[in-house]
Amino acid sequence: NAGVIQTPRHKVTGKGQEATLWCEPISGHSAVFWYRQTIVQGLEFLTYFRNQAPIDDSGMPKERFSAQMPNQSHSTLKIQSTQPQDSAVYLCASSLSTSAETLYFGSGTRLTVL
Amino acid sequence: SQLAEENLWALSVHEGESVTVNCSYKTSITALQWYRQKSGEGPAQLILIRSNEREKRNGRLRATLDTSSQSSSLSITATRCEDTAVYFCATDAQGGRALIFGTGTTVSVSP
Numbered sequence: 637n638a639g640v641i642q643t644p645r646h647k648v649t650g651k652g653q654e655a656t657l658w659c660e661p662i663s664g665h666s667a668v669f670w671y672r673q674t675i676v677q678g679l680e681f682l683t684y685f686r687n688q689a690p691i692d693d694s695g696m697p698k699e700r701f702s703a704q705m706p707n708q709s710h711s712t713l714k715i716q717s718t719q720p721q722d723s724a725v726y727l728c729a730s731s732l733s734t735s736a737e738t739l740y741f742g743s744g745t746r747l748t749v750l
Numbered sequence: 046s047q048l049a050e051e052n053l054w055a056l057s058v059h060e061g062e063s064v065t066v067n068c069s070y071k072t073s074i075t076a077l078q079w080y081r082q083k084s085g086e087g088p089a090q091l092i093l094i095r096s097n098e099r100e101k102r103n104g105r106l107r108a109t110l111d112t113s114s115q116s117s118s119l120s121i122t123a124t125r126c127e128d129t130a131v132y133f134c135a136t137d138a139q140g141g142r143a144l145i146f147g148t149g150t151t152v153s154v155s156p
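Residue numbers (the numbering used here), protein chains in the order written: chain D, 637 to 750; chain Z, 46 to 156.
Hints should not be assumed to be uniformly reliable.
To be verified - One side of the interface only, derived from the structure: several residues of chain D facing chain Z at Cβ under 10 Å:
| id | residue |
| --- | --- |
| 1 | Q642 |
| 2 | W658 |
| 3 | F669 |
| 4 | Q673 |
| 5 | E680 |
| 6 | I691 |
| 7 | G695 |
| 8 | F701 |
| 9 | G744 |
What the hints assert, rightly or not - The list that follows gives simulated cross-link-like pairs (lysine to any residue, SDA-like), each with its CA atoms no further than 20 Å apart:
| id | chain 1 | residue 1 | chain 2 | residue 2 |
| --- | --- | --- | --- | --- |
| 10 | Z | K83 | Z | S120 |
| 11 | Z | K71 | D | A736 |
| 12 | Z | K83 | D | H646 |
It should be emphasised that the hints constitute simulated quantities derived from the structure, not laboratory data. Positions of the beta carbon are idealized from the N, C-alpha and C atoms, including for glycine.
The following block holds chain Z by itself, in its conformation from the complex (with noise of 0.2 Å):
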């Protein structure tokens, strides 16, 4: 079973909207990880957010982590064609474990 999970297979939006998405996770964490992951590549993290961290910024992204509800969000604003990419959460279960994927939400950004 996923210790993480995008609550959304897909999302689509147009160059300029805004777009979030969602991710709940099932165990206490250290911390939690967006990564996008572009056709034929790897994934790159995002952001990372620990356990005792409330939002996170980085540029157009925001993510926040509500721990009481186990659950986390990653916004992207002003998109633009090239954030078209799946994007996972990740949680690694406290005591040093791997790094667990979600599913991945399809995130499809048109002109």
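Isolated chain D, as found in the complex (with noise of 0.2 Å):
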């Protein structure tokens, strides 16, 4: 077992730059969580998908940012238009099936936006 497989590890783009993200869950979890971490904000929750259905995108900002989960293997975190601000470490992690079953977290991409 990988665990939760983030790639790339780290990403760096130009300001007004789209940025995609991965992550690969592991096998047979059927929840998959999106988190952005940053000094000043902390552990942020973006969005939450279960069987490949999006459950709960209320932390995820409005415009530029979408995520989604075409198979039970993969979800990507898409970021148009890159700013400065969105510079932070992204965090993906998976459970069995709920939030109130243990997280397993990726080692996260880190971000950085020139």
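Two independent chains are provided; combine them into the complex using the hints.
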């Protein structure tokens, strides 16, 4: 079991460019979560899928951010027209089925927007 | 606003001592979880304590839950340098909402 895999580990983009972050959950897990972590804001919830369906996206910025889970083996977080304030570590986690169970996190993608 | 918050930003102890991190939360919960995050890694769960449980242990770790005061604590005994990390409590508001993390307490264990 390789755990949750996130790629790339580091991504540098210029202001206004698009960034796509990838997450491969643990096989057999039906829930996938995305979080953003910064020194100032801490660990912020972004969005949550269960069985590939969006369950809660209350933490997603309304503009420029979107997340998808086209199949059970991967999820993507896309940020359009990146801004310096989007710089953060983006963490993906999976669990067997809900948030009331153990979340297994990947090592994160560090996004730097210049 | 945070659903859960740790009460202190940082704690420092020497190896072998015990340390306790406290957490308060705001809503009815299904469970409360404690996570540890070391530098450069994602958070890793230490203990999950359900709302009908009052105490849970995992090796040198002990978590308590008081639903009447909406608070929890995580105690680490016989601390080691490798326990140096940020410790988070996290709660799920009842209704299947996502797990929301507190701001974290940095625990530093020195030789």
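Run through the hints listed earlier and report the numbers of any the structure violates, in increasing order. 2, 8
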